[in-house]
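K.L.:
Kindly produce the complete structure, drawing on both the sequences and the hints.
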Amino acid sequence: MGVAVDSTLQGIDLKGTKVRAPKIGLQLPPEFFDRDPQVVAREILGKLLVRRQAEELLSGHIVEVEAYLGEDDPAAHAAAGRTLRNSVLFGPPGRAYVYFIYGHHYCLNVSCLSDGVPGCVLVRALEPMIGIDEMARSRGITLQSPADLKKLTSGPGRLAEAFGITRARDNGKDLTSRASDLRIVEGDYRPARVITTERIGITKAAERPLRFLVAENGFVSRATRSN
DNA sequence: TACATGATGCCCT
DNA sequence: GGGCATCATGTAG
Numbered sequence: 042m043g044v045a046v047d048s049t050l051q052g053i054d055l056k057g058t059k060v061r062a063p064k065i066g067l068q069l070p071p072e073f074f075d076r077d078p079q080v081v082a083r084e085i086l087g088k089l090l091v092r093r094q095a096e097e098l099l100s101g102h103i104v105e106v107e108a109y110l111g112e113d114d115p116a117a118h119a120a121a122g123r124t125l126r127n128s129v130l131f132g133p134p135g136r137a138y139v140y141f142i143y144g145h146h147y148c149l150n151v152s153c154l155s156d157g158v159p160g161c162v163l164v165r166a167l168e169p170m171i172g173i174d175e176m177a178r179s180r181g182i183t184l185q186s187p188a189d190l191k192k193l194t195s196g197p198g199r200l201a202e203a204f205g206i207t208r209a210r211d212n213g214k215d216l217t218s219r220a221s222d223l224r225i226v227e228g229d230y231r232p233a234r235v236i237t238t239e240r241i242g243i244t245k246a247a248e249r250p251l252r253f254l255v256a257e258n259g260f261v262s263r264a265t266r267s268n
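All residue numbers for the first sequence refer to this note's numbering, where the first residue is 42 and numbers rise by one.
Hints are computed from structural coordinates only; laboratory data are not their basis.
Predicted, not measured: the structure shown is a model, and the values here were computed from it.
Every residue gets a Cβ at the ideal spot worked out from N, C-alpha and C, and that includes glycine.
A portion of the hints provided could be inaccurate.
Unchecked claim - Okay, derived cross-link-like pairs now, EDC-like style, lysine to aspartate or glutamate, Cα gap no bigger than 16 Å in a straight line: (1) 191 - 175; (2) 245 - 114; (3) 191 - 215; (4) 245 - 112; (5) 191 - 257; (6) 192 - 174; (7) 88 - 174; (8) 245 - 113; (9) 192 - 215; (10) 88 - 229.
Said to hold, decoys possible - Label pairs and their in silico Cβ distance ranges: (11) 77 - 256: 20 to 26 Å; (12) 248 - 227: 31 to 37 Å; (13) 218 - 250: 29 to 35 Å; (14) 174 - 248: 39 to 45 Å; (15) 142 - 229: 19 to 25 Å; (16) 257 - 145: 26 to 32 Å; (17) 183 - 98: 18 to 24 Å; (18) 97 - 77: 33 to 39 Å; (19) 185 - 115: 38 to 44 Å.
P.N.:
Right, here's the structure in full:
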């Protein structure tokens, strides 16, 4: 379609062919997630979220996340204790906790810690790498300019839709298993700088700096004020 | 059983 | 920059 590819889009062809395909690398072990959500949140930046379905591979670098802690974090779904809905948070680490919100959107979290200790990382934005066309189809977007790429996965609801993530399909899924069609793996991308800010869209415990994002990455859901 | 609420994104201004 | 759609979940009654 003759769309100019600017510097921020190097390696991505709007037709979906990969010029610089990231290596679908090492599987992250469950132990990676068996740590404080704040540590996992910082270290998960740059890793790849990978969806494998029938004939397609979707992947994107994780560029923005938020940490949600346990009972001492009023904003966390785990704060009120274990319920049917949030039970994944209290289970083993590295599992997908998917919930539905505002009547429209699904959000993807990864459980952290284990043995009844709740905690998770909310995946808020991805830099799309492989399967751009399929993501656009899922989002109902026609890619007409490089700026449209940002609409694919810049936000928790958006990336869930782009990757076809739903509670029925993915809640409880083991993201550290090679057999899983939804995984998080090592990438070949090391964020140069990580910024910490307040979490977005919450009212309780909003002042805590638990949002982590890759500095100067155009695919985050919301730019920071100063840096 | 009914109702208030929310870790959002789109559309309109 | 602000209003609102839309519904699963939890909680009150």
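K.L.:
Hints numbered earlier in the text: which of these fail when held up against the supplied structure?
P.N.:
3, 7, 9 and 15
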